[in-house]
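Engineer: As a plain string of letters, each chain reads:
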Amino acid sequence: MCGIAGIIYRENGAEHDVGLDMTRMLQSMKHRGPDSTGYALYGEPRDLVLMRFKLADANTPRDFDFHDRLRRHRALVEQRLSRLGAQVEEIKEETDYAFRVALRYDGELKELADLVEDVPDCEVLSLGHSLEIVKDLGDAETVASQYGLAKIRGTHAIGHVRMATESDVDISGAHPYWAYPFPDVAVVHNGQLTNYFHWKRRLERSGHRFQSECDSEIIAVYIAEKLAGGSTLEEAMNESLDDLDGVFTYICVTEDALGVAKDEMAAKPLVLYESDGLVALASEEIAIRALIDHEIETYDPYEREVLVWGR
Amino acid sequence: MGALAGERRITYDARGLAEPTADVPKISEIDGTGARFDAKDLSTRQINLELRWLLYEQGITDVTVLNPGAKHSLGVGILTRCRITFDGSLGYFGCGLIDGPEIRINGRVGWSACENMMSGVVVIHSNAGSLTAAAIRGGDVIVKGRVGARTGIDQKGGTVIVLGDAGSMTGFMMQRGRQILCGNVGPGLGDSMYDGTIYVAGKVKSLGIDCVPGEWNESDTELIERKFSVYELGTPPEFQKFVCGKKLYNYDNLEPSERKLVL
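Top line first, the protein sequences correspond to chains A and B.
Just add 13 to wherever you are in the first sequence, counting from 1, and you've got this note's numbering.
To convert, note that position 205 of the second sequence is 202 in this note's numbering; the numbers rise steadily by one, no gaps.
There's no promise every hint is true.
Output of the computed footprint for chain A on chain B, the stretches with three or more beta carbons under 8 Å from beta carbons of chain A [what the hints assert, rightly or not]:
1. 64 to 75
2. 84 to 92
3. 116 to 128
4. 163 to 176
No wet-lab data here; the hints were simulated from the structure.
Cβ coordinates follow ideal geometry from the N, Cα and C atoms, glycine included.
Just chain A, same shape as in the assembly (with noise of 0.2 Å):
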């Protein structure tokens, strides 16, 4: 089933208790999907690059070997970033296995996560001078205490609650998926995409990389390829609704604009709101009522929508 949630706000910058306001989204939605738990969330663009990786999944058995491994390979690492010259102004040990690093970095991020990647079992989960890509397995509040996510600040974030059906319950089936290796740019789905096997052997031919076996990723990577051929957020979504089969909502994020697309037969639901302030939209309008506690008027987008707001 899933639900997908998004919020962009309008006025005040980046003063708004994101993860909080996601937060509230995704517990209402959690008969929706209890699996797994993602946020997107967006602060302030800043000089610094932020990477979220993980050296492990929550459910990788804990051998003996499992916490020398992980020290070992954070120190591959942090060697792997210096050989590229980028200073690590702090790293985080948010979980045993999930880091946030800041870096001060000016060369190509494709080759920074490429390089990072190479590094076993690890997966950079986001990448970017705003994003930051947080995903665990439970439920909103589990994941949001385990990461701190409640003092998260920001513009506009997007979240997603998973209820497994094409993949396995882990943090790489899980939601939001960063659109590698384009910076800032994330995605969350509900649905199914049917022409999965044909679009993941065209994009691995033209060079991406999938870290999941979970049909969502390739909206990511196929929004990512167009954002490289020149098209805008608008045009590649518009595409996708002809290039893409199956059923789907999706909400797709960059540094400054948030789009949704709905597939032609309107299948997965979305509930709209908007006002003067903020955009709020989700699977369900009880979502949207955990920010707003007055009566407000909401819709539903129809087939073959697609809408983006900018910030």
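For chain A, the structure is supplied; the task is to place chain B on it using the hints.
Structural biologist: Frame of chain A, contents of chain B only:
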């Protein structure tokens, strides 16, 4: 207390999503045969238990529910004649499986409102999600805003009136009943319908398989005028009529191989 009509005891919940135990809150202000209560701090089950307690055990016939807060599955399975007002929006599956009540919703509804309704009236003052009035067998559903996709899917009777636009595949596999759509309609109108009538006042993006324009007659005018006056919807606009072409399905005893030839 014992289970109320239609209530079954749930005894466990492994994933922490349901409410295994809930008691009737009994917080309503009762005034003769009328009652009202605030649902703001109540859970879905508590709201439904309170409704049932009022309607089935207290002899109340007019209930107002304040602050429903877009919660799912409110007002379901009410099988008695009564009047219910929801002063706000409902979530998914609102007012499903009802037989008899007259319900007014001063807000929006999510997906699958009034599903499997047998009789009664539901008036929704704002927009409705997809699958509104799915598989209804009787009664009237009036949506004053717009509706999502597949309105009246598998409809087996009753009337659906929509004042705004309707999405794709409206009237999909409809089997009987009427739809009066005052706005524009998305692609695939009346796709694979077996029977029934769809009236459209706006533009139709495309007709579905085996949905064809129908011939207008006196009873169509009478029906539309009567429904518009009963629900005080003003002067009806001009409608086009669509019905089933009866080419897609065959109601005889052909073998599957023979059926292929016919199609």
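Engineer: Each hint: holds or not?
Structural biologist: Verification of the supplied hints:
| no. | hint | in the structure |
| --- | --- | --- |
| 1 | 64 to 75 | holds (count 4) |
| 2 | 84 to 92 | holds (count 4) |
| 3 | 116 to 128 | holds (count 4) |
| 4 | 163 to 176 | holds (count 3) |
Every hint from the earlier list agrees with this structure, and none is contradicted.
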